[in-house]
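Protein chains in written order, with the working numbering: chain F, 1 to 412; chain W, 1 to 412; chain U, 1 to 412; chain G, 1 to 412.
For the record, the hints were derived by calculation from the structure and aren't laboratory data.
Wrong hints could be hidden among the right ones.
Just so you know, same-sequence chains aren't split out, so a pair can sit in one copy or run between any two.
Claimed, not checked - Think about it this way: if two alpha-carbon atoms lie no more than 30 angstroms apart in a straight line, the pair counts; the simulated DSS-like pairs of lysine-lysine are: (1) Lys58 to Lys131; (2) Lys292 to Lys401; (3) Lys292 to Lys216.
Number of protein chains: 4
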Amino acid sequence: MIISYREQRATVSIEFTVPDEVADLAARTATLVREVVIPVEIRVRGALHDGDESVRAKLQQAAREAGVFCQQMPPEYGGLGLDMRGQAVVFEQAGYSLLGPLATNCAAPDEGNMHLLEVVGSPVLRERYLKPLAAGDTRSCFAMTEPAPGAGADPRALATTATRVAGGWRIDGRKWFISGARGAAFAIVMARTSGVAGDAGGATMFLVDAGTPGFKLVRDIDTMDQGLFAGHSEIVFDECVVPDDQVLGEVDRGFEYAQVRLAPARLTHCMRWLGIARRAQDIALGYATTRKAFGGYLADLGMVQQQIADSEIDIEASRAMIYRTAWQLDQSATDSAAGHLSSMTKVFVAEAAYRVVDRSVQICGALGISEDVLLSRYFREVRAFRVYDGPSDTHRWAIAKRVSRRHRTVEA
Amino acid sequence: MIISYREQRATVSIEFTVPDEVADLAARTATLVREVVIPVEIRVRGALHDGDESVRAKLQQAAREAGVFCQQMPPEYGGLGLDMRGQAVVFEQAGYSLLGPLATNCAAPDEGNMHLLEVVGSPVLRERYLKPLAAGDTRSCFAMTEPAPGAGADPRALATTATRVAGGWRIDGRKWFISGARGAAFAIVMARTSGVAGDAGGATMFLVDAGTPGFKLVRDIDTMDQGLFAGHSEIVFDECVVPDDQVLGEVDRGFEYAQVRLAPARLTHCMRWLGIARRAQDIALGYATTRKAFGGYLADLGMVQQQIADSEIDIEASRAMIYRTAWQLDQSATDSAAGHLSSMTKVFVAEAAYRVVDRSVQICGALGISEDVLLSRYFREVRAFRVYDGPSDTHRWAIAKRVSRRHRTVEA
Amino acid sequence: MIISYREQRATVSIEFTVPDEVADLAARTATLVREVVIPVEIRVRGALHDGDESVRAKLQQAAREAGVFCQQMPPEYGGLGLDMRGQAVVFEQAGYSLLGPLATNCAAPDEGNMHLLEVVGSPVLRERYLKPLAAGDTRSCFAMTEPAPGAGADPRALATTATRVAGGWRIDGRKWFISGARGAAFAIVMARTSGVAGDAGGATMFLVDAGTPGFKLVRDIDTMDQGLFAGHSEIVFDECVVPDDQVLGEVDRGFEYAQVRLAPARLTHCMRWLGIARRAQDIALGYATTRKAFGGYLADLGMVQQQIADSEIDIEASRAMIYRTAWQLDQSATDSAAGHLSSMTKVFVAEAAYRVVDRSVQICGALGISEDVLLSRYFREVRAFRVYDGPSDTHRWAIAKRVSRRHRTVEA
Amino acid sequence: MIISYREQRATVSIEFTVPDEVADLAARTATLVREVVIPVEIRVRGALHDGDESVRAKLQQAAREAGVFCQQMPPEYGGLGLDMRGQAVVFEQAGYSLLGPLATNCAAPDEGNMHLLEVVGSPVLRERYLKPLAAGDTRSCFAMTEPAPGAGADPRALATTATRVAGGWRIDGRKWFISGARGAAFAIVMARTSGVAGDAGGATMFLVDAGTPGFKLVRDIDTMDQGLFAGHSEIVFDECVVPDDQVLGEVDRGFEYAQVRLAPARLTHCMRWLGIARRAQDIALGYATTRKAFGGYLADLGMVQQQIADSEIDIEASRAMIYRTAWQLDQSATDSAAGHLSSMTKVFVAEAAYRVVDRSVQICGALGISEDVLLSRYFREVRAFRVYDGPSDTHRWAIAKRVSRRHRTVEA
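In isolation and in its complexed conformation, chain F is listed as follows (with noise of 0.2 angstroms):
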């Protein structure tokens, strides 16, 4: 019996070879990067918590003038269509800059919203929230996170409370750390149709349109990572008023809907924080090669040498990751084995990249705790990334709990 011959190796079907259309829009891209959008990147030292929507105008049309812009869409919403794969291959490209993925509309939280607006908007919801969304004439976020007592890592402590009203859905409730919300044209908003804080069910999604009576932006919080437009923000919802065709997808299924939206939002973030990962790893490599001490260059210096390394593995280890749970969430993006990939990536490539900037930071010294070059706001950005989306601790005791039931399932 046999299986291959070296002269057959097609019939094993692990690849990595990226098709030449896709190559062709990564290089693209990496081009947009490194001619527009990184001098733009400097002059506003990383920092987009502004939210100056002139950068965002000029960004995004010379993206739109590259041909790279909101590659992840399909072609009915002006996109080219890519699957997660393709999606890993182009987005590390943008990621190479803080204001690449706002140049190329694959930043979060639009593109994680924009594909939950796909998956589970309706055909009029898709043509009122999503077109406009894809096209870079509006922003969006997603409202999930509250204070204490309520949705925070554990989102079954949702508090925030939608109850019927004629015609529609009366919320309350206060929410925090909402990203892009100032200035964002919609929010998703999750709230509690049923059942009460701490139940694994009941949540239902709203999409509530700035200025609706009730919604309000209370203030803007200041965080330690500053690269995401228009910052992070507390809101209230005051008895908001929404109509029932403003309900995303059906009532009470709103946990579920969240996760269409977080296994491959998790993996797009590892993409782009890939992308500054390699940019930090290429800043302190430009100064290592160059900056003498010690009698010779830094490269040449063993303790460098021995970071420099590191963070070579610890990229090309992110990279393998992300293409594996690629693959498997264009699979099926709903199996669990995605949602534990993607779990496992996000926690890997969060910390890894983490490495990275932090090890690029010490090789540059001095000169890596000032903003004379973008490592330390690059390093403020990876270190939230431990954070959000599921703090690093939380998708451990998922992943955990997730082995431990495989195993005594196998086991019995």
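Since chain F is already given, all that's left is putting chains W, U and G on it; use the hints.
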């Protein structure tokens, strides 16, 4: 310009599919390991350094009968012609027991030696040496490492010499940590045919039969690891003369051939140790899901969960890197990208497998440091793997140099 | 208000001065270890689990002659009355060889048992058990740990029972990982005299002589570590009756006495393992300062320097913590501050010593995993130390609970 | 020969007792920090880089009134004459807030400059510069670090020159990351008076008054840390002439004096950052003991407990090392043992404090990366501490070289 619709995913070539034929081999290998190999492993407590040939014969016969013997060799040598990706899938299953690779004839150092002979050996040498080796009729060793100040982490320090004599070469020198030397039918010996110790070139490989005058086994070296068949020995070449036709490949190309052997051999090591990492995790899970302490199962304690999750992530990241590098080696085993990836994967998997086994020991507590389970054996094996086939530090040094060189080239 | 001039430093009482008498003892201990103990250690390759009494006798005689025998015991038991701080200085010197503590009669478990007997034992029991033990005429063991689901990391799970019989108690149960049991003259046995497994109280300690009917050694357990004299055994009490006067201390106070033993015993372990950490670092330095690779000495390569520096820092930090905790124990061995510090020091030193030995192995490469030097032996010993005397995880759990409780109290 | 009975413990001199007077100072410092300093810290969000003198004046007046002002200086300069051990106790309390050291006038760089002036300065210079500095009437800066390729981690690269002119010296060069330069009354400037960049000697220290022609502040450097008063600036000396009597100490002994300043200054940094580490742990405990998730308090989850325990151990180990090194510096601040210990303690505490703050951020989740609590500020400060006062890598390099040299000497 539309690259790929979600309906047209086939254009994106990143794939992790295991073809049915390989999956079938993997399943049969797993069955063999579970039903035949592990009982023997437990009986001998994972120790093979005594080189008991009756154990080898029995296990290999079982593998032949199961149709999973020497799967990596081409059919003309009795194998199934699996490429590196196929090996990645199957060797992980074999590696689930310390004795699995011995059973399926893919254990070090024979597996790497077969590969070297296949690629470099003349038809005559392949017939004489490779055929019986692939059949399991003989064993072999690879004699490169020398005591200080000879070839170790730095192969250029090669001090063993081969001097021209009539009709052949006279080899003089000392080698140690030569795995599997006791009982080997022949050694592949690296000796210097030109230049002096420290030179980057000038090495040649020789095939030296056991029993050749002047080829002496001096002693067996006690080592932390004991899972390699016949252990590690110190050998001496003292005016050992071999005829010209026992030169492997061409004179003075030994360092180059060493790379032919090392890049894939490093990766097959990783495949096998990934199997042990999974085994260790399974043992720990078996304990944690049944042992109670402090009022619940260990598997429900947060600190144990953290270790289980970290190990699961290490296992998945290792597998992703192995697949990625296997694919690259299948494209071209000798280009620098493959060598670079293989170095990085070796460092990552050696340290990840080590962490997994270390955590499994810790979870099992006193039982973990006993030999009532085999974790303490595995622990010793994976500790050694951080040293052999290039210590992590040496690989990191080489990785950093390549990365810096690439950076300088790109920038120039 | 002037506290202290620079000329008046004596008012500040933090001191690290080692008095001349203790320094002299330390020097003599170091000489004994270097000249007498290490040659024996090399001969037996650091393995003592076979319990060769002729080795023990020879080493202890040498220590007696050097005036450094059983220095921790009061003079009435032939010792020198060193308090914990004095022990910290001297035990580190003894610990520089795996056999040093055996020679100077401060090895586990005898050293901890002596301390327990001294504090808790009646004059009669001290005369009968402590005196010959301190003199090196006998050995002892401490029988607490049980197989699942009995007492392990969680001592309250104690399942061995002692039932009232006329004139004494009948002990029934199984213990394992009982260090030094083979050849011990007596065991200090923890058994439940009231309540049920899981209760926080109800344990009593018994002195059971070897040879008492029903006290059986079932088997020796093979373990990763082999440096403890006579290794670890599994024992059974099967209707083993002991008279009332062999109760150690009072009935039902066993858990309390266990703490009397454990807090200082954990620290003396740390003192001894600090010695091994220093030894491992010295072996690595000996290799790194003489072995050349890549054109220079290993000790001049940055990655090796990093490991040397990290190990030096681990050694210094360990010593500082040991001194600090020794001082605290000398103030009061039983208050909670001492127990808390002793837990933290155990975790820190166990892991630091492990890291030091692990790095030393790595620096020495193939030699490090051989038994040509003793590093691979030390590695196995320090790995086990992360488990026994409370696994790191259990200590961390207890530490965190105390810290949180303290915080809640302060805030309330 | 009896060394010490347990009744005679006083003969062992290792002590950790804090005398009542120092304990009283520590308590009063803690009260000041809690009642006066922290409210200000919260108001300004821990950021002092703007150098608001009204904040400084208010805080320092409160410290004077509390009798805890400039405790490290001798009475003739208005201080309390605390030695390093006394400082260790008191500075930790001051460091519990980022503004505490500013309040008690023990903040960098003034505190180190005072020490340098006290030890090296002539009576005239001490009167002119030290007296107002100790009184809080002026501030100062220490101008050593230069942009590439000048003095950085490698001080011998010093490029700023001082050239002999009539009656004085003309200084030319550029310095950056000069902490506290904006608003400083004077700078202590390191300039080369002989030799060339790269030489081990030839540096001299000069006192340069603000306003001296040719002494220009070029810009403020944005850095990750913002807790140092007046931040870090870039300054230029352009034909800046200073008279002979402003030479600090003797010509050409600048490198030697730098060590006088650096060894203790590194340690006082550690003392202060230990305070912040404790503060971060307290914030995390406050959150973990009151915030519920997954059905209980965070403080009862195993993964959180692990972080709490690890931080507690880091804090205790840091304190033990600080006390140890403080004692050594009090014996002799200039011998090599003190410098060696101070290097090791700097590396350890910088990394330990960083780990503690990092864990605290993680425990607090989204709140931890916001500025609603000050953790994100602390995080940025401690990250920078791994770089300034010698990056960890440079210290490790120096530590390893000393350790290897010592080993070679002992063996020779």
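These are the hints, each one checked on the structure:
1. Only within a single protomer do Lys58 and Lys131 lie at most 30 angstroms apart by alpha-carbon distance; the minimum there is 20 angstroms, versus 57 angstroms between protomers.
2. Proximity of Lys292 and Lys401 under a CA criterion of 30 angstroms is satisfied inter-copy only: 16 angstroms between copies versus 50 angstroms inside one chain copy.
3. For a Cα distance limit of 30 angstroms, the shortest separation of Lys292 from Lys216 across copies, 27 angstroms, qualifies, whereas the shortest one inside one copy, 55 angstroms, does not.
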